[in-house]
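So the protein lines, in turn, are chains A and B.
Going by this note's numbering, the first residue of the first sequence is number 31, and it counts up by one from there.
Going by this note's numbering, the first residue of the second sequence is number 40, and it counts up by one from there.
Read the hints as simulated data drawn from the structure, not as lab findings.
A few of these clues could be false.
[Stated by the list, open to error] No farther apart than 16 Å at their CA atoms in a straight line, the calculated lysine to aspartate or glutamate pairs in the EDC-like style are these: (1) B:Lys117 - B:Asp105; (2) A:Lys210 - A:Glu225; (3) A:Lys118 - B:Asp224; (4) A:Lys109 - A:Glu160; (5) A:Lys289 - A:Asp209; (6) A:Lys174 - B:Glu327.
[Claimed, not checked] Every beta carbon over 12 Å from chain A, so not counted as near; a handful from chain B, in silico: (7) Leu128; (8) Leu148; (9) Ala230; (10) Pro248.
Glycine included, every Cβ here is placed at the ideal spot set by N, Cα and C.
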Amino acid sequence: MSQKIFAPWDDPNEKPLIRFENVTKKFGDFTAIDDLTLNIYEKEFFALLGPSGCGKTTMMRMLAGFENPTSGKMELAGKNIAGIPPNKRAVNMMFQSYALFPHLSVWENIAFGLKRGDMDKRSIAARVEEMLKLTRLTKFAGRKPHQISGGQRQRVALARSLAKAPKLLLLDEPLGALDKKLRQDTQFELMDIQEGTGTTFVIVTHDQEEAMTVASRVAVMDEGRIIQVATPDGIYEAPNSVYVADFIGDVNIIEGTAKPTGDGVYSLAWAENEAPFMATSDVPFSDGQKAHLAIRPEKISITTEKPEDAKNAVQGSVLDIAYLGNLSTYHVQLTGGQIIKAQTANTRRLSRRSITWEDKVWISWSATAGVLLEQ
Amino acid sequence: MRRFFLIAVPYAWLLALFLIPFFIVFKISLSDLALSIPPYTPTMKDGFGQMIKAFDFENFVFLTTDDLYWKAYLSSLKIALISTVLALLVGYPMAYGMARAPEEWRPTLMMLVILPFWTSFLIRVYAWVGILSNEGFLNQFLLWTGLISAPLTIMNTTTAVYIGIVYTYLPFMILPIYAALDRLDESLIEAAEDLGCSRIKAFWLVTIPLSRNGIIAGCFLVFIPALGEFVIPSLLGGSGTLMIGKVLFEEFFNNRDWPVASAVAVILLLILIVPIILFQRNQQRQAEAET
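Just chain B, with the same shape it has in the complex (with noise of 0.2 Å):
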C-alpha cells in the first residue's frame, strides 16, 4: 500500500502537470481557427462525437507548406546546439576551480553561482540590453580603453542570443558538473600520474570520463529550455533571430491562432522528447551502474 502510493505521487503529479495539458494543446491543434471564445472549433459544446468527427491534421499540414516554421525550427536546434557547448566551455572550468577550491570556499562559491537565481530572469536579460546596445557599457569602455574605434553591434544579433543563453543558463551547467567532480577521488588523480600519465593527460582519461554523467546532465539540463527559448531572442535577438518559441509565441498572441500554435507546441514537444528520453536512459544507466 506504502509502495503504491510512493509510485502513484510522482505519477498523479506527471498526468497533471504534463499529460492533461497535453493532451489539451493537442486536441487544439486538431481544431480549426474560429472568431469565437475561445478562439478555435469544434468545442466540447458541439458534442463529443461531432468534436471527434471535426477533428484533422490540416494544421501540422499547414507547418510544411510554409518554410518559416522549418527554418525556425532549425535555427533553433542550431543556436541551442552552440549555447549548449558554449556553455559547456565556460561552465566545466568554473565547476572545476569550484571542486578544486579549499573546503572553506565552497559554499560561498556555489552561492556565488546560485545568486543570479535571486532576481527575475526578465530583468536580468533586460540588463544586457543595457551592457550590449551600441551605446551600452561593453562598447563605452572598449572605446574609451581605444580597442574599437566605432561602437560594435552585438545588440539584436544571434550573437546576443547566445551571450543570453550561455549567461542564463550557466547555473544549470556548472552544478551537475560540479556535483560530479567534487564526488571524484583525488587519488584516482595522483594513481594516473603515478602510472605515468602528466597532469594533462591524467585530467583527460581520469577526470573527464568520471566526470561524463554531470556533463551530460548539464547539457541536457541547458539544451531542453534553449531550444524553446522565447524570452531571450525577443529581447536579445532582435528580428533578425528566428526561433521556434518566438514564432509560437507570436502565431498565439499576435495571430490568435490557437490550433496552429498548438501545432507548433505539439512538433516542439516532439523534438524535445528524443533528448530527454536519451537523457533518462543515461541517468537508468547510471543508476544501474553504482548498484
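Next comes chain A alone, as it looks inside the complex (with noise of 0.2 Å):
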C-alpha cells in the first residue's frame, strides 16, 4: 500500500490553519515586512529561510503576538489574531536564547505555562513526565538549566514550548546554538516529535540545509518578501528566480539569449564562437530574451573524452579542485573564461582519479538538467 503524500497545499479543499493576507510590517520608515500573503497547513513543518534581516523573525514575532502587523489581516484556524495579546494565543515559542527560566528547573520549567491554565496538579505532574519522557530529560528534572548541556537545554526549551500542546509552534533558529553533529542529530528529533505530537511547526533559520531536512515547505524570504514557497526538492531543482537558485545551494549561472526550438526546448546563446546550450523550460521564452541557465554542479559530469551523446558539452581546463571527501568540485575555466563548477562523488579512491589540475576536460549535462530563468 502506498503512502499517502502529504500535501494540503495542493488541496483546494484544505484550509489553512496560518493564513496572512496583504500583511506589512513597518518599524518607522523600515519596512520588514511587504505585502504578504501566505498559507500554512495543519500538521506541516514549514520553514522561513533567509538572510538576517529579511524579515523571518519578524512574521514570527507577529504570529506568537510581541508585534502587530502595521496592515493587513492574520488568521489562525479562521480567526482574525491581530491585537490578541500573546498570553491568549494556542501558539507557543521556542526562542532562540532557550529563554529558560534560570532560577527555576528543569520540571518546573516545563510546568510553567501548564500551572497558568486551569489544570489540577495531578494532570500537570503527568504531562510533565510525558515530556521529560518524549525530550529524554527525566533524569534532569532536579537540574536547574545552568546545570546541563546546551543540547539539554535545547530539548527543556522545546519540551516546555510542547508541553501546552499548542496548535502551532514556533521555532526561532532552534538548533543555532548546538554544534554540526549535535544539530544534524536534533534535526531529526525534531522531525519525529513534529511526525509524533501532529503539531504544526513554523521554524526560522538562516541555514538552508537545515530548512531543506526538516520542513514540509520552505519560504524564502528577501528583503520582507517571500520570493518562492515550495517543498525542498521544488526549492532546489526548480527556483524561480536566480536569487532563490544561487540562495540555496552551490549553482551555475550561465546567461544569454533564448530561442525557441519548438516543444518546449530553447537553446540558449552564451558566447560567441560557441554552440549554444540546450535547456527545456516550462516558462516559456520568446525569441531573443534574456536567460539565466542555472544549472546546479553535481548535474555536471566531468570526463576526459567528448561524451558522445551529451546534449550540452563543452571544454576547459580544470583551473580548482575543492576535496570534500565524500565529493569533490572542480572549477573548470572555460575558453571564454567563465568557470563552471562541476561535482563528482568520489567512489574510488583518491589515488586512483585521472583528473587533476590544468588537466583539459570535457563538461556535459543533458538538456532537462539545468533550468531557465528570467531574473
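Got two chains here, each in a separate frame; can you build the complex from them with the hints?
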C-alpha cells in the first residue's frame, strides 16, 4: 500500500491553519514585511529561510503576538489574531536563546505554562513527565538550566513550548547554538517529535541545509518579501529566480539569449563562437529574450574524452579542485573565461582518479539538467 | 606566592581597619570611667597584667539596667527596617524604569542617581530642614495650593527621619537592583507571556525572582548604615526620636563616658553582624549558583 503524500497545499478544499493576507509591518520608515500573503496548513513543518534582516523573525514574532501587523489580516484557524496578546494565543514559541527561567528547575520550567491554565496538579505532573520522557530529560528534571549541557537545554526549551499542546509551535533558530553533529541529530529528533505530536511547526532559520532537512515546505524570503514557497526539492530543482537558485546550495548561472526550438526546448546563445546550450523550460521564453541557465554542479559530468551523446558539452581546463571527502568540486575554466563548477562523488580512492589540475576536460549535461530563469 | 599575596591584601585591610579598631573599642568598653586623659582606666601605663585584671563587664551590665538603651536599640531597628522597606518601594520602580529606558538614556539616568553624592551629605540633610520645617518650602507650597490651612508638623518627628534616611540611602537601593534588572534577558519575560502569563504575572514570576539578589543587596546596604545612623535623627528627628547612633554620640561627646559608649558600640556591632553574615552567605550562594 502506498502512503498518501502529505501535500495539503495542493488541495483546494483544505483550510489553512494560518493565513497571512497582504500583511505589512513597518518599524518607523523601515518596512520589515512587505504586503505578504501566505497560507500554512495543519501538521506542516514550515521553514522560513532567508538572510538576516529579511523579515523572517518579524513574521514569527507577529505569529507569537509580540508584534502586530501595520496592515493586512492574520488568521489562525479562521480567527483574526491581530491584537490578541501572546498569553491568549494557542501558539507557543521556542526562543533562539531558549529563554529558560534560570531560577527554576527543568521540571518547573516545563510546568510553567501548564500552571498558568486551570489544570489540576496531578494532570500537570503527568504532562510534565510525558514531556520529559519525550525529550529524554527524565534524569535531569531536578537540575537548573545552568547545570545541563547546551543540547539538553535545547530539549528543555522544546519540551516547555510543547507542554501546552499548542496549535502552532514557533521555533526561532532552534539549533543555532548547537555544534554541527548535534544539530544534525537534533534535526531528525525534531522531525520525529513533530510527526509524533502532529503539531504544526514553523521554523525560522538562515541555515538552508536545516530548512531542507526538516521542512515540508520552505519559504525563501528576502527584504520582507517571500520569493518562493515550495517543497525542499521544488526549491532546489525548480527555483523560480536566480536569487533562490543562488541562495539554496551551489549553482552555476550562465547568462545568454534564449531561442525557442519547439516542444519546450530552447537554445541559449551564451558566448560567441560557441555552440548554444540546449535546455527545456516550462516557462515560455520569446526569441531573443535574456535568460539565465541555472545548473547545479552535481548535474554536470566531467570527463577527459568528449562524451558522445550529451546534449550540452564544452571543453575547459581544471582550475581548482575542492576535495570535500565524499565529493570533489572541480572549477573548470572555459575558453571564454567563464568558470563552471562540476561535482562528482568520490566513489574511487583519490590516487586512482584521472583528472588533476590544468587538465583539459569536457563538461557535459543533459537538456533537462538545468532551469531557465528570467531573472 | 602570588596567591598568598592576593589573599593577604584584603586580610591585612580587614585587620588594620576593622579588627584592631574593634579590639581597641572592646578594650575600652571593659574599662572604667576616669577623670584623666584618656578618660578611662586602666590603661597600658598600669602594666599589662594589672590592666587585664581590672577589666570587667560592668558597662554591659549597666546597659541592661537603664531601659533607655534597649529602647534605643529597638527603636533604631524599627526605624531602619521601615526605612529599608520604604527605600525598596521607592527604589525598585526607579531601578526598573532605568533598566527599561532606552540604551542611550541609561548613563544619564545613572548619573542622576549618583549626582547627589557630589555634595556633602551633611549639607544635603540640612537642606531638608529648609524643606520640612513649619515655614519650609513644602508647607508654604501646600498652604499656597490651599490643600492645607495650617502648616504640617513634619520636622522633628520620626517621619522626617524616614524621609531623610530614604532620601540619603536611595542610591544604595537603586544601584544593585538596577544591576540585576539590567542583566535580565528580555526574552525571559516574552517567554513567560508566551506561556500564558499576563504582564503583571510575568513580573511577579520572573522579574522579581530574578532581581532577588539585587533586592537583598540593596536592602542590606540601606539597613546596615540606617541602623547606626546618627546625623539624620539628630538633624531631622529632634529630641523625640530615639536612635542608638544618637545615644552613642551623646555618651561619647556630651557625657565623655567612653567606656559606656564603647559598650553601646560593641552591642551595636553584634546586632549588625547578624545581617552582615546573612548578606555574606547570600552573596556566596549566588556565586555558587552562577558557577
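Hinted pair A:Lys118 and B:Asp224, Cα distance within 16 Å:
Violated, at about 22 Å.
Does B:Leu128 clear chain A by more than 12 Å, comparing its Cβ with all Cβ atoms of that chain?
23 Å, holds
Proposed proximity, A:Glu160 with A:Lys109 (alpha carbon, max 16 Å):
30 Å, violated
Non-interface claim for B:Leu148, where every Cβ of chain A lies beyond 12 Å:
24 Å, holds
Hinted pair, alpha-carbon criterion (16 Å max): A:Lys289, A:Asp209. Please report holds or violated.
48 Å, violated
Does the alpha-carbon distance linking B:Lys117 and B:Asp105 stay inside the 16 Å limit?
Answer violated: B:Lys117 to B:Asp105 is near 20 Å, above 16 Å.
Per the stated criterion, does the least C-beta distance between B:Pro248 and chain A lie above 12 Å, as a non-interface residue requires?
Incorrect as stated: the minimum Cβ-Cβ distance to chain A is 5 Å, not above 12 Å.
Between A:Lys174 and B:Glu327, does the CA-CA distance stay at or below 16 Å?
Distance of about 13 Å is within 16 Å: holds.
Restraint check for A:Lys210 with A:Glu225, where alpha carbons must lie at most 16 Å apart
Outside the cut-off at roughly 23 Å; violated.
Classify the label on B:Ala230 as holds or violated, using whether its beta-carbon is more than 12 Å from each beta-carbon of chain A.
Nearest chain A Cβ is 4 Å from B:Ala230, so the label is violated.
In summary, the numbered hints that this structure violates are 1, 2, 3, 4, 5, 9, 10.
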